[in-house]
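> If you're matching them up, the sequences are chains A and B in order. The letter at position 294 of the first sequence is residue 294 when you use my numbering, and the numbering goes up by one with no holes. The letter at position 103 of the second sequence is residue 103 when you use my numbering, and the numbering goes up by one with no holes.
No lab work stands behind these hints: they were computed from the structure. Note that the Cβ used here is the ideal one computed from N, Cα and C, for glycine as well. Be aware that one or more of the hints could be misleading.
[Said to hold, decoys possible] To list a few chain B residues with every Cβ distance to chain A over 10 angstroms, as calculated:
{"#": "1", "residue": "Thr66"}
{"#": "2", "residue": "Ala80"}
{"#": "3", "residue": "Trp97"}
{"#": "4", "residue": "Gln109"}
{"#": "5", "residue": "Ala159"}
{"#": "6", "residue": "Gly163"}
[Claimed, not checked] Computed cross-link-like contacts, DSSO-like style, restricted to lysine-lysine with a CA-CA straight-line distance of at most 30 angstroms:
{"#": "7", "chain 1": "A", "residue 1": "Lys213", "chain 2": "B", "residue 2": "Lys130"}
{"#": "8", "chain 1": "B", "residue 1": "Lys130", "chain 2": "A", "residue 2": "Lys217"}
{"#": "9", "chain 1": "A", "residue 1": "Lys53", "chain 2": "B", "residue 2": "Lys95"}
{"#": "10", "chain 1": "A", "residue 1": "Lys115", "chain 2": "B", "residue 2": "Lys9"}
[Unchecked claim] Taking beta-carbon pairs under 8 angstroms as the criterion, some of the chain A residues facing chain B (in silico):
{"#": "11", "residue": "Pro22"}
{"#": "12", "residue": "Leu24"}
{"#": "13", "residue": "Leu27"}
{"#": "14", "residue": "Ala31"}
{"#": "15", "residue": "Leu35"}
{"#": "16", "residue": "Pro105"}
{"#": "17", "residue": "Leu123"}
{"#": "18", "residue": "Ala139"}
{"#": "19", "residue": "Val243"}
{"#": "20", "residue": "Leu262"}
{"#": "21", "residue": "Gln266"}
{"#": "22", "residue": "Val286"}
{"#": "23", "residue": "Leu289"}
{"#": "24", "residue": "Val292"}
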Amino acid sequence: MSDLSAARRATERRNRWLLLSPALLILIFAAAGPLLIVVVYSFLTPGDYGGVKPDFSWNAWFSVVMERDFFTEELTFADAHLSIFWRSLKLSLMTTVAAFVFGFPTAYFIATRPKRSRDAWMLLIMIPFWTNLLIRTFAIMELIRAEGTVNTLLLWLGIIDAPIQMLFTEFSIMLGMVYVYLPLMVLPIYASMERFDFSLVEAGYDLYATRWKVLSKVIFPLVKPGVIAGSILVFVPCLGAYVTPRVLGGGKNLMLGNLIELQFGQGRNWPLGAALSLTLLAIVMVALLFYVRAAGQDGEKSHG
Amino acid sequence: MAKPFDIRKQTGFTPLAILCFVLLYLPIILLVVYSFNAGSSIALWEGFSLRWYASAWENEAVQAATIRSVVIASAASALATTAAVLAALATTRVKPWRGQGAVFALINQPLMVPEIVTAVSLLIFFAMIKVQTGYTGLWYLILAHAAFCIPFAYMPIRARLQGMDLTLEQAASDLYATPWQTFRRITLPQLFPGILAGAMLAFVISLDDVVITEFVKSAGQDTLPTYMLGQLRRNITPEVNAISTALLAASIILVVAFFFLSRTRK
Chain A
1 MSDLSAARRA TERRNRWLLL SPALLILIFA AAGPLLIVVV YSFLTPGDYG
51 GVKPDFSWNA WFSVVMERDF FTEELTFADA HLSIFWRSLK LSLMTTVAAF
101 VFGFPTAYFI ATRPKRSRDA WMLLIMIPFW TNLLIRTFAI MELIRAEGTV
151 NTLLLWLGII DAPIQMLFTE FSIMLGMVYV YLPLMVLPIY ASMERFDFSL
201 VEAGYDLYAT RWKVLSKVIF PLVKPGVIAG SILVFVPCLG AYVTPRVLGG
251 GKNLMLGNLI ELQFGQGRNW PLGAALSLTL LAIVMVALLF YVRAAGQDGE
301 KSHG
Chain B
1 MAKPFDIRKQ TGFTPLAILC FVLLYLPIIL LVVYSFNAGS SIALWEGFSL
51 RWYASAWENE AVQAATIRSV VIASAASALA TTAAVLAALA TTRVKPWRGQ
101 GAVFALINQP LMVPEIVTAV SLLIFFAMIK VQTGYTGLWY LILAHAAFCI
151 PFAYMPIRAR LQGMDLTLEQ AASDLYATPW QTFRRITLPQ LFPGILAGAM
201 LAFVISLDDV VITEFVKSAG QDTLPTYMLG QLRRNITPEV NAISTALLAA
251 SIILVVAFFF LSRTRK
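One chain only, chain A, in its complex shape (with noise of 0.2 angstroms):
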């Protein structure tokens, strides 16, 4: 009896690796294969015209934060490198922020809906972000162009009498970054509102709160971890943000993923470019990490 079921288990995991086999082999050959032999580049030393010499180096790693003068031979933080780290982060926290600032009431607006309409507009909220990122930053780009429509306007009103310039800048690389992310701040915050109980928000008004009062005390603490996912999902892709630093920033605001471009292209410092990926990978690691305890916590919270 008990070797009947041991042998259908052993026939049940069996069917189910011969189930997973063609998704697992398609995932280890052309995405989590590829990144074991990052970490092996990240050692080696740079060929002349770009790949790599099977020589052992930690050089790579060493100037992702430090450089070597030329001629000195003085050791010194390598600033290029540092203030594009600095810029990756500033700018992907701002834009979270701003994410924040316009996602939270659209997704209250959207959840204070009656119930048949809010699928409607979460829907009109879905469709720009299942759009071509590359065309939605390009929509950016003519509209803040110099000869772009914003400048036309401003200009056929009056308001100004030479063109703005807005592309090329930090400034349109965030308004392009919060322009295609925003709806993934908006869909997490909408999931916790959705099952929000109004009651407790008139409790609040029975006991004298303020709106403000409700909806710091009531409301916010209640959908946090909405929030909470929401600003991760933001903030993550925008430090590994390529397309539109490339396209808005103009070539001389780069962010990480420009950086990274740039030692397999014009740099020709291959180990470089796998040490600075990994380097991107860790930090987003970290965020994530970071998400999931708070996130775990919370769930602690609710249950205690």
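Since chain A is already given, all that's left is putting chain B on it; use the hints.
What follows is chain B alone, placed relative to chain A:
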């Protein structure tokens, strides 16, 4: 008399939300409008015309990129959806098993690792293979796309499978149907909307990809998005708007269809 007190109202939220919707659609609408511009500016309106659609249609680079985009998206979404259906069958409606966590982490990996990092790792890995084998065809792009499409295909299929009733399948096996017959006649027809939804999502995701394609493609393998990225360096004409509008239309149709398909679940 004063208006009744609305407990749901928060001052300024509705205008902000409306502003948000306007700002979300305004750039896209302008982009579409100027694709019909008779002049060659993307800011000055000179009358309605389809000339930029005609010029995009006749542009051989655009034709080749379009065909390549569709070939890659079709092959990648077919591969990803097949793999995702099998994986969903193995991982849904079963007791917890050993290795479950690692498998889920692997399936969701493309969602967690930044695209640029995946792109770089594929560039390195495929460069090694290209040197070894000399093969420079489209399969690199197809496999790369299939990998990041798998989680997107997997999600709606798994959701559909979880919502399905086990009793019908049990009834079938009680009536001496073979496992294959049960799958073919009972599971698959019920699962079909989920499969279609997953395939469409995978297709859109593949069609829209820029970063990974830009790094993986060999010379002369532009897809529509990477072709457009290349064009942005030059003087932009409404031809780019026309191509964008066509791509937008394709995505929106697929996404709206996906939305209704995944809603019929209830």
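> Which earlier hints turn out false for this structure, listed by number in ascending order?
Structure breaks hints 2, 3, 4, 7, 8, 9, 20, 21, 22, 23 and 24.
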